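Colleague: One-letter residues, chain by chain:
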Amino acid sequence: MFGLESGSGFWNPVLWGCIIFIAFLLLYGIRGFGRSTYKKGTEQESSFLSGNPESTPEEMQVKASNLYWGFTSSMKTLYNGLRSMHTGDVGDYVLWFIIILAILFVVIGVM
Amino acid sequence: MTPLEFLIEQSPALIVAVPLLGAFLTSLIGRVNEKARNIFALFIVCLTGVLIAILASDVLTSGPRLYVFGAQNLQVPMVRIIFEVDSMSIFMAIITIILALVALVYSWSFLKEYDGLDKFYTLALLLITSTLGMELTGDMFNFFVFLEISCITSCALIAFWITEGEALEAAFKYLVISSIGALFILFSIGLLYAQYNALNIATLASVLQFSFVDKIILVLLVVVLAMKAGVVPMHMWLPDSYGRAPPSVILVIMGATLASFYGILRVIFTLYGEVLTTTMRFNLPMHVLVGWLLIALAVVTIIVGVLMALIQSDFMRLIAYVAVAEIGYMLLAVGTGFAAWGTAYATTALHGGVLHILNDALDIGLLFLVAGAVYYVTKKRLLDDLGGLARTMKYTTVFLLIGLLAVAGMPPLNGFASKFLIYESVYQLNPILAIVAILCSILMLAIFVKVFYAAFLGPQRNITASTGLKEAPRSMLIAMGVFAAAAIFIGLFPNYVLDTLVKPAVSALLNHADYIGMVIGGV
Chain A
1 MFGLESGSGF WNPVLWGCII FIAFLLLYGI RGFGRSTYKK GTEQESSFLS GNPESTPEEM
61 QVKASNLYWG FTSSMKTLYN GLRSMHTGDV GDYVLWFIII LAILFVVIGV M
Chain B
1 MTPLEFLIEQ SPALIVAVPL LGAFLTSLIG RVNEKARNIF ALFIVCLTGV LIAILASDVL
61 TSGPRLYVFG AQNLQVPMVR IIFEVDSMSI FMAIITIILA LVALVYSWSF LKEYDGLDKF
121 YTLALLLITS TLGMELTGDM FNFFVFLEIS CITSCALIAF WITEGEALEA AFKYLVISSI
181 GALFILFSIG LLYAQYNALN IATLASVLQF SFVDKIILVL LVVVLAMKAG VVPMHMWLPD
241 SYGRAPPSVI LVIMGATLAS FYGILRVIFT LYGEVLTTTM RFNLPMHVLV GWLLIALAVV
301 TIIVGVLMAL IQSDFMRLIA YVAVAEIGYM LLAVGTGFAA WGTAYATTAL HGGVLHILND
361 ALDIGLLFLV AGAVYYVTKK RLLDDLGGLA RTMKYTTVFL LIGLLAVAGM PPLNGFASKF
421 LIYESVYQLN PILAIVAILC SILMLAIFVK VFYAAFLGPQ RNITASTGLK EAPRSMLIAM
481 GVFAAAAIFI GLFPNYVLDT LVKPAVSALL NHADYIGMVI GGV
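So the protein sequences, as listed, match chains A and B.
Taking the working numbering, I'd label the letters of the first sequence as residues 1 to 111.
Taking the working numbering, I'd label the letters of the second sequence as residues 1 to 523.
Isolated chain A (complex conformation):
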């Protein structure tokens, strides 16, 4: 009931859960060997920004549209192509349908 066989692989969520639980226990145990120097309510809680005044949390949070700027910027050419494909014009939607129809006609042997 728990296990899943793919013919070449095996997956058991209960076994996986047990392993994750043991891993967390080990991590918790390792954490116990560290030094506890953190003190609540002291300046340790404030963020360290060298040389600059601290911004408000609203200003510091990166907005969703900027979050993967690096990725989208490095793939600018691809994204320009994708954006130009998504025109929002229903005529273009039909055009893509016709193009796929034509490709399949050729491959299947109609044309």
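No lab work stands behind these hints: they were computed from the structure.
Mixed in with the good hints there might be a few duds.
[Stated by the list, open to error] Label-pair distances were calculated between CB atoms; the ranges are: (1) A:Ile19 / B:Val213: 55 to 63 Å; (2) A:Ser65 / B:Ala513: 48 to 56 Å; (3) A:Ser65 / B:Asn197: 56 to 64 Å; (4) B:Arg281 / A:Ser84: 48 to 56 Å; (5) B:Leu183 / A:Ser84: 27 to 35 Å; (6) A:Met85 / B:Arg391: 37 to 45 Å; (7) A:Phe21 / B:Leu445: 33 to 41 Å; (8) A:Ser65 / B:Ala296: 27 to 35 Å.
[What the hints assert, rightly or not] Covered stretches of chain A, as calculated for chain B (at least 3 residues, CB under 8 Å): (9) 12–18; (10) 65–76; (11) 84–95.
Here the structure is a predicted model, which means the values were calculated and not measured.
Yeah, the Cβ is synthetic: ideal placement off N, Cα and C, and Gly gets one too.
For this one, chain A is given, so just place chain B on it according to the hints.
Modeller: Just chain B now, with coordinates in the frame of chain A:
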């Protein structure tokens, strides 16, 4: 005959008749009392669900069931309407009714402020009727009729927020695309009838020659149904529609979209299964060629869906693009199953693909409900306008986390179980395909990390904090909870669902001779 046996015998017709009757009665009851109308609509869907459960238990234990509308002793079987319900049809009907049930529960709170709910419930029940009809029918023309009903009702439901110009535009685009698709489907059915004097799928499958005209029909049916399922590059109507419709409407339309995907399976496995496995093209068996065509479309669908989702700032539209990518995963599995027909991993791929239909409905459905809850509370769609929602919407946040982890295929949730089967089998066909699929899944996780970070973590944006945010209402939480619980259950007990529902469904697809023999030998 016992009452239960009578009910089982009549259930294929009742499953379509009950919501159809309910659709018109709902409107009448709504004139008397709005609450009674809501309860009645829910009762109708529950009753249909019970009928589906009864039929499912019979089909899964005793095999496919036929229901003949019209004369029993007619000598020419092909002119009557025959419903043929096998394990695949009933699997799809179960998905449709789960989506419908959750959608109606969610609507109770989500739509209570809006006008025109009589029309909403009537149209939603009609859409459920048509979706179930598409899944249960064994007749090509009947399939077209139900497809047409689903197109018209979907279009009207997409325009629910009619005062927003974009909703109206999305509905118009959907209407154009659907009308063109329906026209080509009707043309294909006309060609089939002209050639073989038959409309029944099983009868047609038994006499199909794979002539020049049959090839045209195959391409037309597959491309139109792929467009209706949201396969790239014919997917563009989907983000427009899903991005502008209320989440409860999206759930019901998702059922119809998945029914179109089911249509592709029926066409290539049942209608053309025999001829595609015995003919050649470019010195390749036709099933290999068709399989690789589907794989090519699937890979493009996954990549474009994920890349476009990454740059969306509208929450609903973002999920819509992820839904497109998820269709790609299903198509990848089906393509692999068809290209590698007869091998053990082809069957595994189909197991993964069919299980992923269910998982897609649950996970994407859950994410749309979460997006709807966020919209309900904040009245904002753009992620840039949201922030810090986890502080006030604790349950919704947990549901989002479950949904995002499930859709990205993270263990131990349901998405992992189906994607595991897909990756493993696709890898055996071509490792590069599996690598692309896994990388896109990772990208999918990154997309939802963006959603979680931007909308749920960080400071509450001024624009939302001033409105005094609360958690979503109880009926919406219950609806989300049902999907989340199902995602966890399937993730923990994948084999139970696989053995009970998925393997019989795949077996019904692969053994098309049984489907054909049921009608040819049974009527």
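Colleague: Starting from the hint 48 to 56 Å, judge whether the C-beta atoms of Arg281 of chain B and Ser84 of chain A obey it.
Modeller: With Cβ atoms ~34 Å apart, the hint is violated.
Colleague: Taking 27 to 35 Å as the stated bounds, is the beta-carbon spacing between Leu183 of chain B and Ser84 of chain A within them?
Modeller: Cβ of Leu183 of chain B to Cβ of Ser84 of chain A: about 28 Å, so the range 27 to 35 Å holds.
Colleague: Counting residues of the segment 84–95 of chain A whose CB is closer than 8 Å to a CB in chain B, do you get three or more?
Modeller: holds (count 7)
Colleague: State, for the Cβ atoms of Phe21 of chain A and Leu445 of chain B, whether the hinted interval 33 to 41 Å holds or is violated.
Modeller: Given a distance of about 22 Å, which is not inside 33 to 41 Å, the answer is violated.
Colleague: Quick one: are Ser65 of chain A and Ala296 of chain B within 27 to 35 Å, going by C-beta?
Modeller: 32 Å, holds
Colleague: Is the hinted range of 37 to 45 Å satisfied by the C-beta distance from Met85 of chain A to Arg391 of chain B?
Modeller: 39 Å, holds
Colleague: With 55 to 63 Å as the target window, see if Ile19 of chain A and Val213 of chain B comply at their CB atoms.
Modeller: 58 Å, holds
Colleague: Please test the hint of 56 to 64 Å on the beta carbon pair from Ser65 of chain A and Asn197 of chain B.
Modeller: 58 Å, holds
Colleague: Is the listed coverage of the segment 12–18 of chain A by chain B valid when you require three or more residues with a beta carbon under 8 Å from a beta carbon of that chain?
Modeller: Coverage by chain B holds for the segment 12–18 of chain A (4 residues, Cβ < 8 Å).
Colleague: Mind checking, does the segment 65–76 of chain A have 3 or more residues with a CB under 8 Å from chain B?
Modeller: holds (count 6)
Colleague: Against the range 48 to 56 Å, how does the distance between the Cβ atoms of Ser65 of chain A and Ala513 of chain B compare: consistent or not?
Modeller: 54 Å, holds
Checked against the numbered hints given earlier, this structure breaks hints 4, 7; the rest are met.
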